[in-house]
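Asker: Here the structure of chain X is known, so what remains is to put chain A in place on it, guided by the hints.
Those sequence lines, one after another, are chains X and A. In terms of the numbering used here, the first sequence has 394 at position 398, counting the first letter as 1, and numbering is strictly consecutive. Take the position in the second sequence, starting the count at 1, then add 53; the result is the number in the numbering used here.
Hints listed in this document are in silico derivations from the structure and should not be mistaken for laboratory results. There is no bait here: all hints are sound.
Reference listing, derived: stretches of chain X covered by chain A, where coverage requires no fewer than 3 residues with Cβ under 8 Å from a Cβ of chain A:
no., region
1, 7 to 18
2, 321 to 332
3, 369 to 381
4, 416 to 427
5, 461 to 475
Backbone N, C-alpha and C fix where the C-beta goes; we use that ideal spot for every residue, glycine too.
What follows is each chain in one-letter form.
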Amino acid sequence: MSGTSLGMPAFPRAAAVSTGDSRLRANLTHATHTIRDKRARAVAELDDWAQLRAAGAAVKDRTLRHLDHYLERLEESVVAAGGRVHWAADAEEANRIVTRLVRETGEREVVKVKSMATQEIGLNEALAEAGIRAYETDLAELIVQLGDDLPSHILVPAIHRNRSEIRDIFLREMGSWGRPAPEGLSDSPAELAEAARLHLREKFLTAKVGISGANFMVAESGTLVVVESEGNGRMCLTLPETLISVVGIEKTVPTWQDLEIFLQLLPRSSTAERMNPYTTTWTGTTDGDGPRTFHLVLLDNGRTDTLADTVGRQALRCIRCSACLNVCPVYERAGGHAYGSPYPGPIGAILTPQLRGIEGSLEASLPYASSLCGACYEVCPVAIDIPEVLVHLRERVVEGGPVTRRGTRTVLKPARGHAAERAAMRAAAWAFDHPGALRGGMRLASRTRRLHPRRLPGPGRAWSDSRELPAVAAESFRDWWRRTRGEQRPDGASGEGRGGVR
Amino acid sequence: MRVALFVTCINDTLYPRTGQAVVTLLERLGVEVDFPGAQSCCGQPQFNTGYRHATEPLVHRFDRAFRDYAYVVTPSGSCAAMVRDNYPRIGAKAAAEGRGRELADAAARAVPKTYELTEFLVDVLKVTDVGAYYPHTVTYHPTCHGLRMLGLGDRPRRLLEHVRGLELRELPGAEECCGFGGTFAVKNPAVSAAMGADKVRAVARTGASAVCTVDNSCLMHIGGTLARQGSRVRPVHIAEILAATEDGAEGGAVPGAVDGAEGGAR
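Here chain X stands alone, though its shape is the one from the complex:
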C-alpha cells in the first residue's frame, strides 16, 4: 500500500499518542457524532432498509464468487465502448502503468478525483517521483495535500482538522500550488469553500489529464460510476482529454439493476443524504463529449488473496461509506492516522491486514484495535460482520495457519511476541477444563487476597494505571454453594444433596 504509511508504529503506540491530543479528540468527537446522528435519521426514513442491506450483501457476495467471469465481461464492455483496460497485480505495477500513460500524453500535471484506490497504492508519490504533479480536487483531499498531511477518514479525509486549522493551511500553502487564498480569509465555511473553488477552477480549466477511481463498475455495459457531493469529480471526469481510472477489482457489479441497490445504500450510510448530489457515469469514449482517451487500470493488490479466505472475503463487499468509522469508539479516540493506512477504523482493521498480510507489526496489531462492541456491524450497509473477521484475523496472528499470498497457498507462522500470551491462554484454558486445579487456585487467591498488589507489573500495569483492580472474593461462589447447599457430583449435573442452608 501507500509508501507514506510504512514505518508507522503499531496501533496501540500510535493510539496512545493521539488519544492524548485533546484538540484532535474534540474535532473527531464533534464530527463523528454529527454524522452518525444524521445517518441514523436518514436510514430510519426507509422501512425496507434491512431488505436493502441484505440485497446489497447478496449482490456483492454473488459477484465476488464469480468475479473472474464478471471482470472478463467488464473488460469486453469497456473495450467495445472505446476504452482500454490494464491489469495491475500490485501497487507498483499500477503506479508504473499510470505513470507511463501520463507520460505518453506529454503532460506534467494531472487533476484527481478523490480516490481510495490511488491512496492505497501511493500514486501521488509515485507520480511526483516521475516529475508529474497530481492535484487533489476534493475539498478535504485538497486540505490534506496542502497541509502535507495524511488522510484520516475514508469520506472526510481532513476530519481531524477544524475550521481555523484549515484557514491557516489555505493562507500558508495555496500560493505555492496555484492561486493563493484571498487575504483576510476568515474561517467561515462559505469563505473557505469559495477560496478552494477559485483555487481549483484554474486546475480544472487547464488540466489535460484526469485521474479517478470509481465507486462501481457495471460489467454489462462497461460503465464506471463516481458518486460525490461537491461536483469537483465531475469536472475532472468530463473536462480533460485523457481520463485514467484506477479501480479495485471488487468494485464490479453485474448490472445496472444491481447498481440501484447501492445508490440507495451508499449516500444514506455515508453522508446521510437521501440521494447523492452528483452521480457521474462514463462508458468508454464518445465523439464530441468528454475525454478522447479512456484507460481503466484494474487493481488487484491483495484482493484475489483476500477472496481466497472464506471468512475474511466479506471485507471486499465494502462500498467505502465510512459509517463504521463514524460509530467506532476506538476510531473516535485514536484518530485515523493510528491505523497506518488510507483505510482507518473498523473496516481498515480488517482490510489492511488482509490486503498487506499480517507479517508487519502494524498489520498484526490492527485486528486488536477493537473492543468488539459490534457497532460497526450494526451500521454496515452491506452487513460485513467486522467483529467476526477481527477475531478470525486475531487467530491468524496468534496461531498462524493457511493463507493465500500472491495466489499461492502457504502456511503462516504465528506472529512473534505472543509466546507468553499463548502460554497464559493455554494455561488458563487448561485450568478451566480441570475444575479441581481451578478450585485450588481460586482458594489460594482468596486466602492471599489481602496480599494482592494494587498495581500490577507487566501487561497488567496497563489495567492498573487507570483503574482500580477488582478484589478476589473471600469466598468463591463455588465454595459458597458447597458450604450452603452441599457437595456436587464433580463431573456432572447433579441437583442432589442440596441439604445446605436455604
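Answerer: Below, chain A alone, put in the same frame as chain X:
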C-alpha cells in the same frame, strides 16, 4: 421448573454475590436452581484473543456440564453471547477442518437452552415485576454484547422500571461501549481508558447513585475507573437489584454494598 445456573468464571472468583443474587431471585420466583460443579469458563477470553483451539475443550465442558438441563441461566450478557454466537462458529470451523461434527453438535445443544438472566425472566418466566425493592437512583448501561449480539432490547429496563423505590436515570450515550472489551483493555490501554473515562463522565452526569449492567466484566472496568476517580457511584449488577427486597437481602446478598469482598472500591 428446574434450571442450571451458569455463574461464569468472573462471577465465581470476583463477584460471587451476583451468583447468590441470581439464586435468591430465581428461588423467590419459584424456580429450582442447580449449580453443576463441572462448569467452568465459557472460553470468551481465549476465543476473542484468537485462541480458538484453546476454547474447544471448554465448549465440550459446557455441553457436558449442562447436558441434563432444559434451561441454563447466566448473569452475563457476554458469556451468553459467547455460547449463542460463537459456539456454533467454533463447531463449524472444527467441522470444516475435518475434525468431525462433535463440536458442532455440542454447540447445537448449548445454543437453544442458554439464556441471559433478564431474557430468562422476561421471555421464559414472563415476568417483569419480580417483587424487588431498591430505593436508589440507578442508571443503566446496556452492554455491547447484551445489546447487539443478544438483542436484549428493553428487557433489562422493563425489569428495572418495575422495581419499587428505584428511580431510573437515562444514561447519555448509553449504547456506546465502555471500553472494556476483555483483553482489549490490556492490549490497547490508552483507548480503553479514554473510553472508560468518557463512560464514567456520562454516568456522573446522570446524578445516579448506582450504575447497573447485565455484565460484571463491564462493571469491573466502569467500577475500577469510578473507584480510581474517587467517585461515590456504586457499580451494581442487575441481578443484585432484582434480588433485593424490602425486608432485606436473602441468602447473604446485600445488593450494591461496597466492601472488601466486592470488586471496584477497596
